[in-house]
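S.K.: Using the sequences and the hints given, assemble the complete structure.
Protein chains in written order, with UniProt numbering: chain W, 1 to 322; chain C, 1 to 281.
Think of the hints as simulated: they come from the structure by calculation, not from any bench. Don't take each hint at face value.
[As the list claims (entries may be wrong)] Partial selection, computed: residues in chain W whose CB lies under 10 Å from chain C: (1) Gln53; (2) Thr59; (3) Leu113; (4) Arg126; (5) Gly127; (6) Ile136; (7) Leu148; (8) Leu154; (9) Ala206; (10) Pro274; (11) Tyr287; (12) Thr301; (13) Ile302; (14) Ala305.
Note that the Cβ used here is the ideal one computed from N, Cα and C, for glycine as well.
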Amino acid sequence: MSVDSKSDTGAKAGRRRAAARSGSQGTMMRTAGDWARRGPLLPALIFMIVVTQLPFVVTIIVSFMNWNAYYPDDRGFAGFANFRRVLTDANTRHAIWVTILLTAGVVLVSLVLGLLIALLLDRRFRGRGAVRTMMITPFLVVPVAAALLWKHALYNPTYGLFNGVLKWIFGANAPQPDWISNQPLWSIIFALVWQWTPFMMLILLAGLQSRPLDVIEAAGIDGANQWEIFRYMTLPHLRQYLELSALLGSIYVVQNFDAVFTITSGGLGTANLPYTIYQTFYTAHDYGRASAAGVIVVIGTIAIATFALRSVSTLFREETGK
Amino acid sequence: MSSQVTIVTGKKNRGGGFVLSGVAWIVGILFVLPVLWMLLTSFHSEPNAAKNPPDVAAPLTLDGYRSFFSTGPWPSIANSLTSSILSTVLVILLAFPAAYALSIRPVRKWTDVLFFFLSTKMLPVVAGLLPIYLFAQSVGFLDNIWLLIILYTSMNLPIAVWMLRSFLSEVPVEILEAASVDGASLIRTLRSVVAPVVTPGIASAALICFIFSWNELLFARVLTGTVAQTAPVFLTGFVTSQGLFLAKVCAASIVVSLPVLIAGFAAQDKLVQGLSLGAVK
Numbered sequence: 001m002s003v004d005s006k007s008d009t010g011a012k013a014g015r016r017r018a019a020a021r022s023g024s025q026g027t028m029m030r031t032a033g034d035w036a037r038r039g040p041l042l043p044a045l046i047f048m049i050v051v052t053q054l055p056f057v058v059t060i061i062v063s064f065m066n067w068n069a070y071y072p073d074d075r076g077f078a079g080f081a082n083f084r085r086v087l088t089d090a091n092t093r094h095a096i097w098v099t100i101l102l103t104a105g106v107v108l109v110s111l112v113l114g115l116l117i118a119l120l121l122d123r124r125f126r127g128r129g130a131v132r133t134m135m136i137t138p139f140l141v142v143p144v145a146a147a148l149l150w151k152h153a154l155y156n157p158t159y160g161l162f163n164g165v166l167k168w169i170f171g172a173n174a175p176q177p178d179w180i181s182n183q184p185l186w187s188i189i190f191a192l193v194w195q196w197t198p199f200m201m202l203i204l205l206a207g208l209q210s211r212p213l214d215v216i217e218a219a220g221i222d223g224a225n226q227w228e229i230f231r232y233m234t235l236p237h238l239r240q241y242l243e244l245s246a247l248l249g250s251i252y253v254v255q256n257f258d259a260v261f262t263i264t265s266g267g268l269g270t271a272n273l274p275y276t277i278y279q280t281f282y283t284a285h286d287y288g289r290a291s292a293a294g295v296i297v298v299i300g301t302i303a304i305a306t307f308a309l310r311s312v313s314t315l316f317r318e319e320t321g322k
Numbered sequence: 001m002s003s004q005v006t007i008v009t010g011k012k013n014r015g016g017g018f019v020l021s022g023v024a025w026i027v028g029i030l031f032v033l034p035v036l037w038m039l040l041t042s043f044h045s046e047p048n049a050a051k052n053p054p055d056v057a058a059p060l061t062l063d064g065y066r067s068f069f070s071t072g073p074w075p076s077i078a079n080s081l082t083s084s085i086l087s088t089v090l091v092i093l094l095a096f097p098a099a100y101a102l103s104i105r106p107v108r109k110w111t112d113v114l115f116f117f118l119s120t121k122m123l124p125v126v127a128g129l130l131p132i133y134l135f136a137q138s139v140g141f142l143d144n145i146w147l148l149i150i151l152y153t154s155m156n157l158p159i160a161v162w163m164l165r166s167f168l169s170e171v172p173v174e175i176l177e178a179a180s181v182d183g184a185s186l187i188r189t190l191r192s193v194v195a196p197v198v199t200p201g202i203a204s205a206a207l208i209c210f211i212f213s214w215n216e217l218l219f220a221r222v223l224t225g226t227v228a229q230t231a232p233v234f235l236t237g238f239v240t241s242q243g244l245f246l247a248k249v250c251a252a253s254i255v256v257s258l259p260v261l262i263a264g265f266a267a268q269d270k271l272v273q274g275l276s277l278g279a280v281k
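M.R.: What follows is the structure, encoded as structure tokens:
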């Protein structure tokens, strides 16, 4: 709706231009032209507003209500009670912390690993295509399947591959740690890093390959060493690509449900916000509290995204400016 | 110095370059190893799959696959195919005109509209799930594949709009002007002038939407039950299964991942461009 009202003033300028181009045609025709322009956009825009924005408005309303499906007679206005309960609840506060750790951990580690691997793959060598294909594979395994793979085939203390390898190396008396119980959060982070490093690597590799090579060669001839070239030419060029992969990675990892649900079922202190909300709503049927937690997540996401989008919007501006 | 220039210019050389190539190979193998392990385990018998230390050379068998298929996964695979394909078709039908309106002779404030689309991806889906659940419950729409189709369409529409817009902005304006001089209508211009140029873009957008829909778990788990259950939800049945079924779990994971693996390998190059919303060429 706001989009439409904004475009009204803009449309005048468009109409003026259209009028200048087509000479003296009727106002009716010009308005029709505007709608011809806007028309193709409307189905997608209306669809998105109805399916994503409308439910969120309802979530906001429910977040101010007492509404638990187990106590249908208790329904009513609750004010800020849900928010107070969510923010003072130790579990939810822990879930906020887990979400931050999980997202920052996965995004940072896979970004650094992805950069190193992208630098390795930026060179020409025998089998580069094959290595690239191998690298992509983790990203193509269905997330639930990947989480099952880590939980059962790799981490399992009695028959998982990790402990099997330890026995190969150190013999029958090798230590056999229970990875998930000992380091539940790291177990999830590690599995997600495996899945997300390929994504970061692919974007950064595309960035590396779009560098102007002649300029870099000239710098090499002028006596700049490898580190200087990397620090003062490659890294600044890669900045936008690093920002883009961090932003997209964060969007997806913040919302991660599959890995937490599959590997630990939110146990051992690994419940992140999406999992906690899922439980509050799906298991505990406390709709008011689940909605309040959802609203808090959205506020947090918007705060971070506004900051992040500013840097990414420069990326898109440059791209569209061409 | 020479090995340093290698990395920068991509020229081949001996010595350091050789070591780095070896490191690249090792890293690649490490990343693919878990998947290969899953593949190998899926072909082992259950007792051999659960051995520690693992028995790599154990005889191969199809038992894991047989026991997976005996659990009746076909309805859920069919549901996944239906919801992924139909939502992808809907996404393209909605996104293509929208991307056209945002790229070639764009509407005013087109960047705002574009960022509105992206911002919907930043809203955590859990925050909108409850009202959708309540609405579906009240109109008897729970456990219905069409509910998933609509939600998957909304999930992928922003990505497709961004991607297609970046492809469409590569269509030369001259061609479009020529078409309009010749008196072609909008629909005709889209169909015969624009569509052929962006067909590869549409194909890769469709592929990515298919993959995301196929992979989705949260909506499917909350909103479907027995009738409309999808393949990932079927897989969650193995979350608590114990060691005796490792081969079966691996076989199940391989079967469910297969469509995505095939599609992904087939379109490796387009994948990055699509996943980065067209920002990386």
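S.K.: Does each hint fit the structure? Answer for all of them.
M.R.: To see whether the hints hold, each was checked on the structure:
no.	hint	verdict
1	Gln53	holds (8 Å)
2	Thr59	holds (6 Å)
3	Leu113	holds (9 Å)
4	Arg126	holds (7 Å)
5	Gly127	holds (7 Å)
6	Ile136	holds (6 Å)
7	Leu148	holds (5 Å)
8	Leu154	holds (6 Å)
9	Ala206	holds (4 Å)
10	Pro274	holds (5 Å)
11	Tyr287	holds (6 Å)
12	Thr301	holds (5 Å)
13	Ile302	holds (7 Å)
14	Ala305	holds (5 Å)
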